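One letter stands for each residue in the lines below.
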Amino acid sequence: MNADKRPHELIEVKNLVKSFGETTVLKNISETVKTGEKVVIVGPSGSGKSTFLRCLNLMETPTSGEILFEGNDITKAHSREVNLLRRKMGMVFQHFNLFPHLTIKKNITLAPVKLKIMTKEEADKKADELLEIVGLSDKAQQYPGQLSGGQKQRIAIARALAMNPDVMLFDEPTSALDPEMVGEVLQLMKKLAEDGMTMIVVTHEMGFAKEVASRVMFMADGQILEQAPPQQFFASPENPRLKEFLSKVL
Amino acid sequence: MTSFLSNSISEKFRQNFIEDDRWRYLTDGLKTTLVITFFAIIIGMIIGFIIAVIRSTHDRTGKLKILNFIAKIYLTVIRGTPVVVQLLITYFVIFASVSISKTFVAVLAFGLNSGAYVAEIVRSGIMSIDKGQLEAGSSLGLNYPRTMIYIIIPQAFKNVLPALANECIVLLKETSVAGYIAIEDLTKGGDIIRSITYDAFMPLIAVAVIYLVMVMILSWLVSKLERRLAKNERR
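Chains as they are written, first to last, in this note's numbering: chain B, 1 to 250; chain A, 251 to 485.
These are calculated hints, taken from the structure and not from any lab test.
No false leads were slipped in.
Partial pick of chain B residues on the chain A-facing surface, computed with a CB cut under 8 Å:
#1 His95
#2 Phe99
#3 Pro100
#4 Leu110
Treat the numbers as computed from the prediction; the structure is a model and nothing was measured.
The beta carbon of each residue, even a glycine, is placed where N, CA and C say it ideally should be.
Build out the structure end to end from the sequences listed, making use of the hints.
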């Protein structure tokens, strides 16, 4: 997507801590994601992986630590700047969160038009292109309620892409789907990965991790316990917690 | 006997409504009632939506503490006192020393009153929208006001439409106490006829029927609007 294809630090997380009341969900995480990387985060539920992802675009406010996005510390940014930077970070949610009162096309064009990034005509054109990419051109004038789960999630991805983001964050994008619909969404994500999009994906789909990830991260108890390229990650895990986890899910 | 009865009914009808153009008490009264109701609804909706946004923003984010506090006082006072008392205070206390249109006073009093109820209805609507909608909006870079205007409120409005319609119906009927500050609304109009003709039955039943018909029309319009809005969410 970027003209500048050289890998550089896109997101740098330094000593990130997140607590909800008494419970500390993220315990001092430091991590870097480079442009073009596809990072897949796996781990048992309650391990903090979704919270970690949601901290990256400040859906959750970190308790302490720094998050540098394209060199700027976003934890100290004002809400105006935060909104500007969220445009560059597309997010896809477990429950799609499409806007049920708008047509599919309006779901995609709402933000670019209202934020005056595109004119209505430009946004419509972009939406048509994106609908073509996600294979749902015929649904443009329908409402989210008329779509299947898999179709909804593909639209949610198109909606995020309409902002031309530099990175896409996926928060368990297939967990709420019926099994037969998981494939179409993963297929689309794979296509996106092949096109060079930087992606951070929280998922339970180990097959996707193996196939698409440039790096797989294992989180448990609010820490990153191990990370490696998928080959090594699945073939020779070192951490006992990861071994146990993999023995359960594979 | 039957002819005597029908004669007496038509005679009473003539006496109550035709003689001296007494029907005009009802039509003029209806006009006043509709004017008060219409503008009171507008004021009520504006106040209601603003307060609902303030209160739900406070509930969700903890911001707007002072405004929320003021809103809470307003809600407590309005909902804790009868509308007649509010009307009387508005007229005889607040605007005591100013000469001002009574209808304007009524519009203001009923509008302020309705606003409190609309506020709680709309707030419940806003709070009923899934948090994910707000997150989806902000993940796209939309700020809080934009997310509210384009995403949350349209959905909330649709959810609370029946309750809002009900509030309009209640308000229409509540304006019947406007006679307390000597406004000649529909109810007062009927009552004036009664005091002239000494017949209670005809004018009061006529007033009741007119209210009933207006409420039925209103209900019909709302169900039409509801169906139109519901089209968007066929599942």
